[in-house]
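Student: Mind docking these for me? Both chains are given alone in their own frames, and the hints should help you get the complex.
Those protein sequences? They're chains A and B, same order as listed. Sequential numbering from 1 applies to the first sequence in this note's numbering. Sequential numbering from 1001 applies to the second sequence in this note's numbering.
These are calculated hints, taken from the structure and not from any lab test. Note that the Cβ used here is the ideal one computed from N, Cα and C, for glycine as well. There's no promise every hint is true.
[As the list claims (entries may be wrong)] Some chain A residues well away from chain B (every beta-carbon gap over 10 Å; in silico):
id : residue
1  : R13
2  : P22
3  : D85
4  : R94
5  : R96
6  : A147
7  : P209
8  : D255
9  : G261
10 : G264
11 : P284
[To be verified] According to the in silico footprint, chain A covers these stretches of chain B (three or more CB under 8 Å from chain A):
id : region
12 : 1047-1059
13 : 1118-1124
14 : 1170-1179
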Amino acid sequence: MTQRPEPPVLAVRGLSVRFLMPGGRQVAAVTDAHFDVAAGECLALIGESGCGKSVLASALLGLLPANARTAGRAHLGGLDLLTADERTLARTVRGRMIGLIPQSPAAHLTPVRTIRSHMEETVAQLTGVRGRAAVRTAAEAAAARAAFPAGHLDRYPHELSGGLAQRAATALALVGGAPLLLADEPTTGLDRDLVEHTVDELRRHVDVPAGAAGASPGAGSRRALLMITHDLTAAERIADRVAVMYAGRLVELADAKAFFGTPGPRHPYSRGLLRALPEREFTPIPGMPPELGDLPAGCDFAVRCERATDACGRRPRTTDSVACHHPYLPEGVRA
Amino acid sequence: MLELHAITAGYDRRAPVVREVSLTVEPGEAVGLLGPSGCGKSTLARVAALLHRPDSGTLVLDGEPVRGWRHQAPRALRTAIGVVFQQPRLSSDPRLRLADLIAEPLRATGRREEAAGRVAELAAPLGLTPDLLRRRPHEVSDGQLQRACLARALALRPRWLICDEVTAMLDASTTAALVEAIEHYRSTTGAGLLAVGHDHTLLRRWCDRTVHWDALTSSDGHTTAALDVPASRSAR
Ligand code: SF4
Chain A
1 MTQRPEPPVL AVRGLSVRFL MPGGRQVAAV TDAHFDVAAG ECLALIGESG
51 CGKSVLASAL LGLLPANART AGRAHLGGLD LLTADERTLA RTVRGRMIGL
101 IPQSPAAHLT PVRTIRSHME ETVAQLTGVR GRAAVRTAAE AAAARAAFPA
151 GHLDRYPHEL SGGLAQRAAT ALALVGGAPL LLADEPTTGL DRDLVEHTVD
201 ELRRHVDVPA GAAGASPGAG SRRALLMITH DLTAAERIAD RVAVMYAGRL
251 VELADAKAFF GTPGPRHPYS RGLLRALPER EFTPIPGMPP ELGDLPAGCD
301 FAVRCERATD ACGRRPRTTD SVACHHPYLP EGVRA
Chain B
1001 MLELHAITAG YDRRAPVVRE VSLTVEPGEA VGLLGPSGCG KSTLARVAAL
1051 LHRPDSGTLV LDGEPVRGWR HQAPRALRTA IGVVFQQPRL SSDPRLRLAD
1101 LIAEPLRATG RREEAAGRVA ELAAPLGLTP DLLRRRPHEV SDGQLQRACL
1151 ARALALRPRW LICDEVTAML DASTTAALVE AIEHYRSTTG AGLLAVGHDH
1201 TLLRRWCDRT VHWDALTSSD GHTTAALDVP ASRSAR
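The following block holds chain B by itself, in its conformation from the complex (with noise of 0.2 Å):
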């Protein structure tokens, strides 16, 4: 299970974007969390990933309570978790032939090894043809290089994925088959998946319930009107 329990957390400890926030994944389990841009949900898909330490509240990773974030987080931990965010060439380095960057995290585990034949592996489903795989993120689309993204995501076989806002810049094919992909790997693997985004018609029809942001943070008694004011009064 991926327990998050009354997650407070941002950027400035005296406006956080998250407060109080708890949500519950099941293993296997497909949970859109809906929201408009802005309200923090992305805030707390990092914090879920490890990628972002909350000021206060738990999240609890199949049974273990995590105490790090980011490089302090453990790596058995850390390749739990696979994560794809909203931009690809913001989450890619640009030196980086496609290859190169779904082998990044194998390298980084030390299963250098291993990378050719998984990233032949995790690249065929996904289209990525051993021509695309040899360019550099400037010579793809952003659809071919949002799959290599979720190649790279996918590498160390995570049993849970967190996907922000993965399809916003994509057209309507290339989300269908990213999407498909990602359900693909689900159902072979049994991996979990929370993903963050705005579109209700897309979150509805890939996941197995949706929880709205307002919803979310108004449960258990923990209102945070604050979060709709503009930050200039709500820093007060």
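Bound conformation, chain A alone (with noise of 0.2 Å):
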């Protein structure tokens, strides 16, 4: 594990998202998740799409539909995200403390607005910045920061390229000067050349210091980047550390380089996925994820599982940051 030298700016225990259906049936879509984001890191969180990595994205948020109860605790900066009131999360977290880059900048901005109307906004909302003429210097200040070109602030959201809408929304995410930045899923759907763009842009996001839009260039600390991703390529890109969900359970936290390089990744999914891309082996991993709502007793992963022995019909406990009976070992280290 990396010397960090600062406490982490999000601390995640023992997270748990349960979603009541009707007919008291319950889907477990995230269980026990416990990770840390620290400044200037990047975590990178991937798994299938319905794995649970996007509920527990809407939990940070605040975001979670009214059937969903949650347990555990997220602190970021002296706060429970989990017990926090819809008051604080709107005024103080959403914006303030953490900055949402969206799966589809697009659909997340408002059509009949140009960009610079809502990076004004959204810069009178979220900084101290008063004042027509100093609101428009700040907005356009904040434009540049995400490489927005000013020429193109007066267009409109759906005059805007994929790159360009993607810039707006990372420019709007970054006004308020939030510790954290959660981008989700904000590669899909792009050019490799775009997702390599999008992903050095946020990298960079991560190694200079914050400070909200108006404040002294330079001032801050530097952000933490929780990116959720299905794109392992964009995450091996960007990421410090990885983390891997499966089935709502996260099964395996490691290093990026040891985890995409050698020695690889140690829990038999992690490895699969990873045996699928068509630079290696492009094979699939046979089946399909359980139901959340109707997990087995052990090992989520065991009818998948070309590793899985008797014991696997118990729940792996996590040892090591890894959630598996029989690891593949890291190389000369137990082997």
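Tutor: Okay, here's the thing in structure tokens:
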């Protein structure tokens, strides 16, 4: 594990989310998640669609539907996001403490308003900047921070390319100087070149100090980035650490270099995911994940796992950041 | 053979996104068409799938020149082609159970009696269990719905498959599983494939041959520099 000079920006402990369904059924969307994200660090949360990673993000933002029940804690800046009331979430968390970079930025922007109008409204809302001229200047500076071209500020969302819409969304997410950036599938549907560009930009925002628009440059500490993605190539490019989610549980938490390089992932599911890449073996993991409303008693991956034994009929505990009875051993460490 | 000759197509006759593009796919061949988003490759795929009438140019399918698109296409031609799109949710009726979704082409061609058996036959290798088949689109994941959309495309045993960015929303394992299912179908039926996408690594691994959109549009002297300029200028 890398040395972390600062306390984590986000500390998640035992986070679980249950959806109460008609007829008394329960869906276990997230179960007992533990992880930290530090300043200047990017944690990529990877997994397939429906594995619970988006639910986890919604839980942090306080955007779960009414039939959801949460347990555990998620500490950010002295606040527990899971117990904070809606007023606190709306006024101090979303935008100010967590900058959200949404999946389809164009859909997130109001179609009848220009990017400049979005930027100015957000600056006025989230920063201390007052007065028309000052807001205008701060909005332009905020756009520039995300490399959004000034010449496009008076355009409407539909007049922007996918890449520029993504930059506009990123600029908006940065305005409040939030210590935590939460990017939800930021590269979905983008061309590979644009994917690389987008994640490099995100990385840059993690590497430079935060600070709200209008604050002196360099003020504040560095941001933390939690990126939720199914794009392994994007994750490899940006992440310091990787968290792998399967059937609502974090099955592995690893250093990104070790995970994508040698010795490689330790959990059989993570191994399978990497093996499926077209630049690797291009072989799928057999079968499909279990239903979150009908999970097995033992390991959730057992029916698909080539290493499964009788022991796997019991649920594996997380040891050394891997939840598996028979993990692949890091070469030369305990082989 | 699937032969596209000098196809010009788009949504505005003054600014077609496809200009004089020619492309041939041999029987049983898998061709990957690579290009950035918005370049016109999806429109070309829709022309090949009989879903979009070109402004000019010809499409010859197994020796037969195509004269009608969409509902004007003869049934025998329409059933020779299976299509899968990028976003399964946009291309499936939210009210239909997956089993009915897969059976749609069978019902539309009056083969209702065959439906149950054929659906079971298509669903099993794709991992679609009877429980999943009873559900509606909002009750399954993107990956599961895309599997159903592939099963639907294969329902009439097409000789040609057109796949437009079919894995762009999917994780690595689901992508590999979908490609494996398509390749299994092709190896048992000899169907040809036109796969459109922007992921070089994926299409090079998947297809027999890949062509880049730029090479296609500048070959045989048809330069299409207009494709690269913003819409506002090319519409001049
Ligand atoms: S606990 Fe057993 S079944 Fe689960 S991943 Fe590990 S080896 Fe496979």
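Student: Does each hint fit the structure? Answer for all of them.
Tutor: Hints versus structure:
1. With a closest Cβ-Cβ approach of about 27 Å to chain B, R13 (chain A) is found to remain outside the 10 Å limit, as its non-interface label requires.
2. For P22 (chain A), the requirement that its beta carbon stay farther than 10 Å from each beta carbon of chain B is met, with the minimum near 13 Å.
3. Once the 10 Å rule is applied to beta carbons, D85 (chain A) is consistent with being away from chain B; the minimum gap is 30 Å.
4. For R94 (chain A), the condition that its CB be more than 10 Å from all CB atoms of chain B holds, with the nearest at approximately 26 Å.
5. For R96 (chain A), the requirement that its beta carbon stay farther than 10 Å from each beta carbon of chain B is met, with the minimum near 31 Å.
6. Every C-beta of chain B lies more than 10 Å from that of A147 (chain A), the closest at about 19 Å, which supports listing it as non-interface.
7. With 10 Å as the threshold on Cβ separation, the claim that P209 (chain A) sits away from chain B holds: the shortest Cβ distance comes to roughly 34 Å.
8. Here D255 (chain A) stays apart from chain B, with its beta-carbon at least about 20 Å from theirs, past the 10 Å limit.
9. Chain B leaves G261 (chain A) outside its interface by the beta-carbon criterion, the shortest separation being 17 Å against a cut-off of 10 Å.
10. At roughly 14 Å from the closest C-beta of chain B, the C-beta of G264 (chain A) stays outside 10 Å, upholding its exclusion from the interface.
11. For P284 (chain A), the condition that its CB be more than 10 Å from all CB atoms of chain B is violated, with the nearest at approximately 4 Å.
12. Under a criterion of three residues with beta carbons nearer than 8 Å to beta carbons of chain A, the stated coverage of the region 1047-1059 of chain B fails, only 0 such residues being counted.
13. Beta-carbon proximity to chain A at under 8 Å applies to 0 residues in the region 1118-1124 of chain B; the threshold of 3 is not reached and the given coverage is violated.
14. Here the region 1170-1179 of chain B counts 9 residues with a CB under 8 Å from a CB of chain A, which clears the bar of 3, and the coverage holds.
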